[in-house]
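> Chains as they are written, first to last, in the numbering used here: chain A, 1 to 249; chain B, 1 to 69; chain C, 1 to 768.
A hint or two may mislead.
[As the list claims (entries may be wrong)] Once the Cα atoms are required to be at most 25 Å apart in a straight line, the calculated PhoX-like pairs of lysine-lysine come out as:
1. C:Lys354 with C:Lys320
2. B:Lys25 with C:Lys281
3. C:Lys410 with C:Lys683
4. C:Lys338 with A:Lys197
5. C:Lys320 with C:Lys338
6. C:Lys354 with C:Lys333
7. B:Lys25 with A:Lys197
8. C:Lys73 with C:Lys268
9. C:Lys268 with C:Lys281
10. A:Lys197 with C:Lys354
11. C:Lys354 with A:Lys212
12. C:Lys354 with C:Lys73
13. C:Lys443 with C:Lys734
14. C:Lys73 with C:Lys109
15. C:Lys598 with C:Lys354
Simulated from the structure, these hints should not be mistaken for lab results.
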Amino acid sequence: MQATSLHPPAPAVTLYEQEQLFELTGGTLRPGGLALTAELLSFCNLAPGSAVLDLGCGPGHTLNLLASNFGLRTTGLDPAAVMLEKAAKQAPTAALVQGSATAIPCGDQCFDAIVCECVLSLTNDLPTSLREMHRVLRPGGLLMLTDIYCRRPDRRPDLAELRSCISSALPLESITAGLAGAGFSLVSLRQRSDLLKQLAGQIIFSYGSLEKFWQLFMDAEAARRACCSLATAPLGYYALIAQKGLRHG
Amino acid sequence: MSTFSFLEATAWQCNQCHQPLQAAKVMVTYLGGSFNVELMACAGCGFILVPESLAMGKMLAVEQLLEDK
Amino acid sequence: MEQLQLRDLEARCIQEEQPFCTAACPIHVDVRAFMTSLAQGDLRGARRVLDRTMPFPEIVGRLCDQPCRPFCKRGEIGDPLAIGRLEQFCVSNTPTILKLPQLPAKGGKVVVIGAGLSGMTAALDLARKGRPTTLVSPLPSIGGSLRCSPDSVLPQTVWSQAVVLMEGYGVSLCTSAPLDQESIEALIGSHDAVYFDWDEIDPAQVPLRVGTPDPLTLALDRDGCFGGGGSRPGRGYSVIQQVEQGRRAALSIERALQKVSLTAQRDKEGSCATRMVTVTKYFAPAAEILPADPTSGYTAAEVRSEAGRCLRCECMECVKQCVYLREYKEYPKTLIRKIYNNQAIVQGTRNANKMINACSLCGQCTQICPNDFPVASVVRTTRQGMVASHHMPPSPHDFALEDMRFSLSKLCRLSRHQPGTSGSRYLFYPGCQLAGSAPEAVKRSYAFLSQHLQGGVGLMLGCCGIPAHWAGQEELFRQTLDDLILEVRRMGNPTLITACTSCLAVFKEFAGGLAMTSLWELLDGLQLPTPSLIQPPGPLTLHDPCTARHQNELRRSVRNLCAKLGLDIVENECSNELADCCGYGGLMQMANPPLGRKAATVKAERSLLDGLAYCAMCRDNLAATGRPVAHLLDYLFPQTAGGDPLARANPGFSQRHENRARLKADLLASLWQEHAAPVPEYKKIRLILSQEVEDLLNGRHILAEDLQRVIHRAETTGSYLVNPANQHRLACFKPVRVTYWVEYEPTGRGYRIHTGYSHRMQLPEVKP
């Protein structure tokens, strides 16, 4: 459904910067929350003191989890200064840098692992981001990647008004192909679309309906359109672990 | 996970334990979804009150969402 | 549903076929849209429609010879629309509204030799496609035969307008060109394609063997050369034919330059056939509206009136009758595309699932459709697929399937030979809904049959399984039917006598090996008490159920019975094969309750008279709309001390359960001297409900039995909440999947119910 606006569009609202989603998901802004992060980390079994980069660290809840529960040496990267301010309070032991995934301001082979949750689809250059992630990982390093994906590329949701991982969801094939192209091999890939349902249920319990939730960010008509659009868009959520090759060529 | 509070002043009391209801954190589930909600319940026997407005309102909406696979 | 199947099915729906006028028009002007705009007084909008397809509207709109007019459907009920005169009015009173875009410049130099209307059209079309085009005429000005039209018919200004238009698209115009064999040969040699307009050029003078040009492509004997236009032998000069030829040649040239097939898929060019069907039955005839003053022509009001006579031909015949299609604003072609997309996505959404579950599967649309579009078949198959792939949401059908299970449970099911016999030649099968709705009628019918038929009449109470079939639960349906067939065989293969047309339809389609007849056909062959002991106060309209759609003999028997009983029956507009569904079919009223109610209302309102039905669900659903409706059995076997059959209310779901269980218990006791299983304790709980509360609970699908179970559990365990202010009690109980809550108040005479509600979300178990 194409939105025909009669007035110039308002500047796009960035979903993950909204307070409401903060509260909803217990401070994190993603399906699965910290529980999913912990699950992935347990699988990776990193030794305490390992260097981990949280790409798109937001307000720092994951950094806190990594440091407190898993004893890891953390670095947080985010393009938004306001996020890094929050992260400084949430995760005082983390090193924080401002920047984007397409140009990570760190040296080569600095990290044992990267956590990148619900962020990849927001970078508008998938190959470069993956290449950068590959560069900063040491050989054998692990990449934990979670995000929304689009099950039917011909039915992308039209959510022009809202900049979020939903409006830029890619097909899963693009992501796995991109990983292979950047030199990663796939260790585990799981489809966790149940987490989207869970998040939607939580939104309904909070706001009464999905449409009322969208009305927090846009006007009633746009909210209705967003609902219709999302209802028909086949979205999924994946959680994968990839590994950089041991021999670096 | 956040908790959704549906506490409200209520005249209902527990018949068995002869005491008023208090806030309690409860996990409700359906078709693989689980949600932490705060409801009025009896501290003595554990009887949990699901008010009509909640059952026919938000609960029903979430049930229908979860049913649409 | 596979892609191929989808296309075949879509093709059956003719709603998107061209209307008759557009199909007959050689350039397929959207006459319907043109008339719609004119009728609204939107002259500019009307001109825009012409601009979209017509080249040089100032010329063609004034002179077109209207090959469309004889096909105008209005001509069947009045005079055909004055299409030509209205076009004249439009182009005389508007400038160009829509300028068509031009494609980016490509290669491929084209020369059009002869600037009659055909050549002009070819040049314009090709220039718009981005081809560098030169238009050459031996005459000093363009127009060919049309040049000598008088000013009153064709104002001279149109020619300069045409030149400006063509040059605006980059056509190079070359008039007064000396054309002989040599110069023509040179033109052919220096261009990639050539079109000859025979209106200005004599075929004998071109250096080619012209012969008969191919009518499909207009190709001549040499590659890249095409020819058309001019007068047709024996048929003269047609203005629109010039345009058609020029357009056809331009397309041929475009394809030749792209080096693709000149002939593939060109059957819709020029006047073509259409599969459109338009029913004119409900339109009042209307004569042509002529200009009051012929010299000054139409007034604006006259134009609106004349254009307003347009029927706006379309099909939509099924949609006109079907509440479901109207509700979802679909016609069959778009409906199945939506259904296909839902399937293909594999992820359902509330809206699409609900739409799939809301169709009554009644087949009325298929009956109406000129091509028998099989909506019910597609929807039913889709539901089966959803169940098989675990995408069918449980709640819409759960209640109906529970109801079916109850009818098949020990409390309700029964199969016995006639008392005092050990074999059955016949087996009376009243069906679950008649037993639930009118148990007394079942008793009286069975008594009559037992008396009047030889060889023993057995009785079987149960459910044929159609709710499972409608819900897409094929395994459950098969199982139910197999059990029934087994039981019938065990009883010695008696002839089934069905009171319900749905049961009969199921047996005929899926258990064809059984011997069967309908109660109505059977009774029609017997001696009946005539006329009926009780008579309705006036004529009644007969409501056929949707499942009797293909049972012609049965419907005839019903009418014979009515006549024998002396009942004054009036047919309504949707009777017999066109019968509407009352909302029960396909479980519509479970999946979409408001739509179910609308369906019942539509069926009831087919006539102003009170009604007579012979299907228990039809009767109950129609009665629920407030319309007095009786059941045929009320007149065939009247109750000695019964109320007015027309005044019987819809019993509701709880009462139906009660009735079925009691019917079995009563019959076992009275006819077979057996006593049914002891009644569970909770059944003894007496409930007091106001009508309001009863309606609320019925709407929420909460049965009396559910209330009894909650109260029984609460009162025996003491586990409930109490409100000290009014002594109301609140308790809950989860029999299987659903948790029921009841607010009630114990009184001396029983328990007064204040409200009841339910949810499926599960709470943790209460610690004792």
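> Against this structure, judge whether each hint is valid.
These are the hints, each one checked on the structure:
1. C:Lys354 with C:Lys320: It holds: about 21 Å lies between the C-alpha atoms, which stays within 25 Å.
2. B:Lys25 with C:Lys281: violated, 67 Å
3. C:Lys410 with C:Lys683: holds, 15 Å
4. C:Lys338 with A:Lys197: Holds, because 23 Å separates the two Cα atoms, which is no more than 25 Å.
5. C:Lys320 with C:Lys338: holds, 20 Å
6. C:Lys354 with C:Lys333: Holds. Lys354 of chain C to Lys333 of chain C sits at ~18 Å (cutoff 25 Å).
7. B:Lys25 with A:Lys197: Roughly 22 Å between the alpha carbons, so the hint for Lys25 of chain B and Lys197 of chain A holds.
8. C:Lys73 with C:Lys268: holds, 20 Å
9. C:Lys268 with C:Lys281: Answer violated: Lys268 of chain C to Lys281 of chain C is near 29 Å, above 25 Å.
10. A:Lys197 with C:Lys354: holds, 19 Å
11. C:Lys354 with A:Lys212: At roughly 22 Å apart (the allowed maximum being 25 Å), Lys212 of chain A and Lys354 of chain C satisfy the hint.
12. C:Lys354 with C:Lys73: violated, 38 Å
13. C:Lys443 with C:Lys734: violated, 35 Å
14. C:Lys73 with C:Lys109: violated, 44 Å
15. C:Lys598 with C:Lys354: Since the Cα atoms of Lys598 of chain C and Lys354 of chain C sit roughly 16 Å apart, the hinted pair holds (cutoff 25 Å).
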